[in-house]
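Participant: Now for the letters of each chain:
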Amino acid sequence: MKKPLFGAFTAPHDDAHHLGPMQKVETPMHHFGPGEEVDFVIVGVGSAGGVLLQRLARAGFRVIGFDAGPFWDTERDWVSDESGSHKLYWNDLRITGGSEPITLGENNSGKGVGGGSVHWAGFTPRFHPSDFSVYTDTGLGADWPISYEDLKPYYEMMETEIPVSGPAYYPWGDPHGYMYGSHPIGGVASALIKGCTKLGIPVVAGGPVAITAGSFDNRPHCIYRGFCLQGCKVGAKQSTLVSHVPDAIRHGAEVRANCMVARINMGKDGHATGVTYFDEQMHEQEQRAKAIIVSGYAIETPRLLLNSACTGFEQGLANSSGMVGKYLMVQAGNVILGRFDEPVRMYKAPPANALTEEFYETDPHRDFVRGFAIQTVGPLPIAFAKQMMSAKGAWGWGLRQLMMDYNHWAAFGFLGEILPWEDNRVGLAEEKDQYGLPVAKVTFGLHDNDRKLIKFGVAKTMEVMSAAGAEEVVQEARYAHLVGGARMGNDPRTSVVDKFGRSHDIPNLFVCDGSILPTQGSANPGLTIQALAARTADYIIDRGMSVVDRSKTFVGVPPIRYDLAPAGIAGRGMPRIKSRTPRTKIGLGGLAPGGAGLK
Amino acid sequence: MSVEDRREAREKANGTFTSEDQETRRRETLPVDPYTGEELAPRPQPGYYPGYDTLSQQAYWDEATRNVVLDRVHNVPPIRFFTGDEIPFMQAVVDCIIPQDDRTKDKRIPVLNYVDRRLYINEIDGYRFESMPPDQEAFRLGIRGIEAIAQHMYQRRFIDLGRHEQETVLKTLHDGKPPAGDDIWKRMSVHHFWMLLVQDCAEAYYAHPWAWDEIGFGGPAYPRGYMRLEHGQPEPWEAEEVRYAWEPPRDSPSSEYEPLIGGTGDHSVQTPGQSGTH
Numbered sequence: 008m009k010k011p012l013f014g015a016f017t018a019p020h021d022d023a024h025h026l027g028p029m030q031k032v033e034t035p036m037h038h039f040g041p042g043e044e045v046d047f048v049i050v051g052v053g054s055a056g057g058v059l060l061q062r063l064a065r066a067g068f069r070v071i072g073f074d075a076g077p078f079w080d081t082e083r084d085w086v087s088d089e090s091g092s093h094k095l096y097w098n099d100l101r102i103t104g105g106s107e108p109i110t111l112g113e114n115n116s117g118k119g120v121g122g123g124s125v126h127w128a129g130f131t132p133r134f135h136p137s138d139f140s141v142y143t144d145t146g147l148g149a150d151w152p153i154s155y156e157d158l159k160p161y162y163e164m165m166e167t168e169i170p171v172s173g174p175a176y177y178p179w180g181d182p183h184g185y186m187y188g189s190h191p192i193g194g195v196a197s198a199l200i201k202g203c204t205k206l207g208i209p210v211v212a213g214g215p216v217a218i219t220a221g222s223f224d225n226r227p228h229c230i231y232r233g234f235c236l237q238g239c240k241v242g243a244k245q246s247t248l249v250s251h252v253p254d255a256i257r258h259g260a261e262v263r264a265n266c267m268v269a270r271i272n273m274g275k276d277g278h279a280t281g282v283t284y285f286d287e288q289m290h291e292q293e294q295r296a297k298a299i300i301v302s303g304y305a306i307e308t309p310r311l312l313l314n315s316a317c318t319g320f321e322q323g324l325a326n327s328s329g330m331v332g333k334y335l336m337v338q339a340g341n342v343i344l345g346r347f348d349e350p351v352r353m354y355k356a357p358p359a360n361a362l363t364e365e366f367y368e369t370d371p372h373r374d375f376v377r378g379f380a381i382q383t384v385g386p387l388p389i390a391f392a393k394q395m396m397s398a399k400g401a402w403g404w405g406l407r408q409l410m411m412d413y414n415h416w417a418a419f420g421f422l423g424e425i426l427p428w429e430d431n432r433v434g435l436a437e438e439k440d441q442y443g444l445p446v447a448k449v450t451f452g453l454h455d456n457d458r459k460l461i462k463f464g465v466a467k468t469m470e471v472m473s474a475a476g477a478e479e480v481v482q483e484a485r486y487a488h489l490v491g492g493a494r495m496g497n498d499p500r501t502s503v504v505d506k507f508g509r510s511h512d513i514p515n516l517f518v519c520d521g522s523i524l525p526t527q528g529s530a531n532p533g534l535t536i537q538a539l540a541a542r543t544a545d546y547i548i549d550r551g552m553s554v555v556d557r558s559k560t561f562v563g564v565p566p567i568r569y570d571l572a573p574a575g576i577a578g579r580g581m582p583r584i585k586s587r588t589p590r591t592k593i594g595l596g597g598l599a600p601g602g603a604g605l606k
Numbered sequence: 003m004s005v006e007d008r009r010e011a012r013e014k015a016n017g018t019f020t021s022e023d024q025e026t027r028r029r030e031t032l033p034v035d036p037y038t039g040e041e042l043a044p045r046p047q048p049g050y051y052p053g054y055d056t057l058s059q060q061a062y063w064d065e066a067t068r069n070v071v072l073d074r075v076h077n078v079p080p081i082r083f084f085t086g087d088e089i090p091f092m093q094a095v096v097d098c099i100i101p102q103d104d105r106t107k108d109k110r111i112p113v114l115n116y117v118d119r120r121l122y123i124n125e126i127d128g129y130r131f132e133s134m135p136p137d138q139e140a141f142r143l144g145i146r147g148i149e150a151i152a153q154h155m156y157q158r159r160f161i162d163l164g165r166h167e168q169e170t171v172l173k174t175l176h177d178g179k180p181p182a183g184d185d186i187w188k189r190m191s192v193h194h195f196w197m198l199l200v201q202d203c204a205e206a207y208y209a210h211p212w213a214w215d216e217i218g219f220g221g222p223a224y225p226r227g228y229m230r231l232e233h234g235q236p237e238p239w240e241a242e243e244v245r246y247a248w249e250p251p252r253d254s255p256s257s258e259y260e261p262l263i264g265g266t267g268d269h270s271v272q273t274p275g276q277s278g279t280h
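Protein chains in written order, with the numbering used here: chain L, 8 to 606; chain H, 3 to 280.
Possibly wrong hints are sitting among the right ones.
Unchecked claim - Here are the computed lysine to aspartate or glutamate pairs in the EDC-like style, where the Cα-Cα straight-line distance is at most 20 Å:
id	chain 1	residue 1	chain 2	residue 2
1	H	K107	H	E232
2	H	K188	H	E125
3	L	K94	H	D73
4	L	K467	H	D268
5	L	K439	H	D108
6	L	K559	L	E479
7	L	K201	H	E232
8	L	K94	H	E65
9	L	K205	H	E132
10	L	K9	H	D87
11	L	K459	H	E125
12	L	K506	L	D150
13	L	K462	L	E349
14	L	K439	H	E132
15	L	K31	H	E65
16	L	K459	L	E321
17	L	K462	H	E149
18	L	K10	H	E65
19	L	K439	H	E139
20	L	K94	H	E125
By construction, these hints were calculated from the structure, which means they are not laboratory data.
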């Protein structure tokens, strides 16, 4: 059989580490010696950690990224199979409770280099300007210590680096467009467009999504096979594994995979000195570092801070406020399923294929604040069977019969903003994991505003499904995504980290991942997490190692380092930003945005 | 000719009847043709995609995927977690949760083996509901609970009940109202045990390429991918749907769709092992 253009029917017979069918890790990875102190240790190489690792390495820092899971060779390790992809998720024990508990694992938690970005659907909407002032506007939730304008250049930057494919005009929030063209649509997106159009609801299709529509550097274009959530073997869907980690390694970063960080160690002077971790052979090791960045996501980040409690920090690190683990958020992610007379075959095309944010903002005519989005999803057979078990109470013969109609169903994902509440939190359980470390105990429940929002939004989504022509519409209750648990803020009494992710309590301890989000909007958080990571990186790079000195306060905005993007990025950042960004004189060579950049 | 006689005659004609299967056969129930009321004979491939065969496409799959799927088909793991009487007991439970009486014996998917495998190797979903013991303990408690309900309702062992009665016993768990075994249900949530049971069986069944053939799912699709995205069109190597009418066995308690307790849309009763979506 002739070899296809991308990929192969046989496994690669070389010693290379493959990241998709075209990309390989060519350079041998640098390994820091035992006892060698590095500049930065990043705990968790996921959406945020991957970007930080790449930026800090490119800027010349000595940096190690730890990940509890493997450094995937995607050609050998990943499969185009639902049940065979279990290993991509965080499967170690956690305890979940509360009145409406969160499901974890496959639904929202990754393990291995790339983290959750390995199995996200890849929807990449920006947050709206209103997200940054929810408390001021509504009296509920929280305000961010930064505004949309602070993050906007990083949104634009990451949309180029990921890259995001999407419509030329995106009408919601701060209206904008995408540099890379939209994707063709499948049956589910077709249904969403039809339903929305009938009801007069604006809708966009083909993005914004972190999937290449055309080939991009050494990543092939999408082949529309629908296995986005099982890890994109094609390499078309972005994970930091394929977009940023290779560049990080090329610039001297070390990825220490299968290494579980057990605790952050503190010195006598109130600075962190490094981390203790379990290596691949389960041996306890130490790694000294001048600064630590925790990027473990909303469950593992608080867990690590709490598990690092020591003399002087009895309540856990960075927790003088008592806020570590609190204000955990998920979005209501109910799946609305509709049966159509004609076949849909929803397993084709990316699940993230069309959406509307028409209901995103607070509407004073409703009895709740904030809003929701309606998006396409594309459950594969096992996921669909589980949804039907919940949505219709199906089992036995009923389940078998319903599943024979799998190809007649389409699924929409409702995505509703749940506000941050103090009692939704991550703590420690009595149970221990395989390393002997206390596991996370997650407590979650809905509040009045959340319930009203879900009720209204689910009904609206069902209405859209009916308008699309579905003869039967049902729904499954669930959540999507995870954020919060180490929120950022200006007030050390009510937040864990400052607006750049530095902990209020410990000058050389940073948190940078989804856990620092004060609110979450009804946009998928992946893009925002990566944008925040790029921003924190710019702050650190601008200040150099003086960043760990508490006495040197920082005022202002760090210069935006377009020149630190991975190789192969179109224009090295959005060309249209060029005119209003001053030429930077700081850093390696002081390259202009859009310039040739470092090789 | 009674329904039983007709079936026996048909099975003899099909060559699928063997005397040692009598005990099993007693409990099997077959789907019916809604127009004639006749039972439908077991087929090698139920579903609306006759002749569709995902495994025939394996040369177009990448090697890693091909190995995983073929291993699933050809190297069925032995039963290692369940022991002794638990094995026939769980087989009877699994046969109710995912009935396969409409499949010929040689084309039945080894659901119990994969449920067992997960428990044996402790492949958990990354979390446990506070209201639940570890999965292994949940299954052992569940067996005791189901037996207690059978004794309470029929004064007989679950394993000795007919299929319809067994389904009726299990339906009480689906409804969240087990009439017996209070000591068990104090130790774990009925809802979550029910969902754990159904999802484990469903995952084992719908992970199998024969189930993909049945429902017309494309199966592995790398590196070839798909070309026809809209209007539910099949790829050249997929099959068009050819529907036929069938109904679950008469009065089967599992043929009705009844919402779980709390109704649908209740975030307090989500399934363990929930897949990702957005």
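Participant: A separate judgement is required for each hint: does it hold in the structure or not?
Facilitator: Outcome of the hint check:
no.	hint	result
1	K107/H with E232/H	violated (37 Å)
2	K188/H with E125/H	violated (25 Å)
3	K94/L with D73/H	holds (17 Å)
4	K467/L with D268/H	holds (17 Å)
5	K439/L with D108/H	violated (44 Å)
6	K559/L with E479/L	violated (63 Å)
7	K201/L with E232/H	holds (13 Å)
8	K94/L with E65/H	holds (18 Å)
9	K205/L with E132/H	violated (44 Å)
10	K9/L with D87/H	violated (52 Å)
11	K459/L with E125/H	violated (37 Å)
12	K506/L with D150/L	holds (12 Å)
13	K462/L with E349/L	violated (29 Å)
14	K439/L with E132/H	holds (15 Å)
15	K31/L with E65/H	holds (18 Å)
16	K459/L with E321/L	violated (39 Å)
17	K462/L with E149/H	violated (39 Å)
18	K10/L with E65/H	holds (13 Å)
19	K439/L with E139/H	holds (17 Å)
20	K94/L with E125/H	holds (9 Å)
Figure legend: structure checked against the earlier numbered hints; hints not met, in rising order: 1, 2, 5, 6, 9, 10, 11, 13, 16 and 17.
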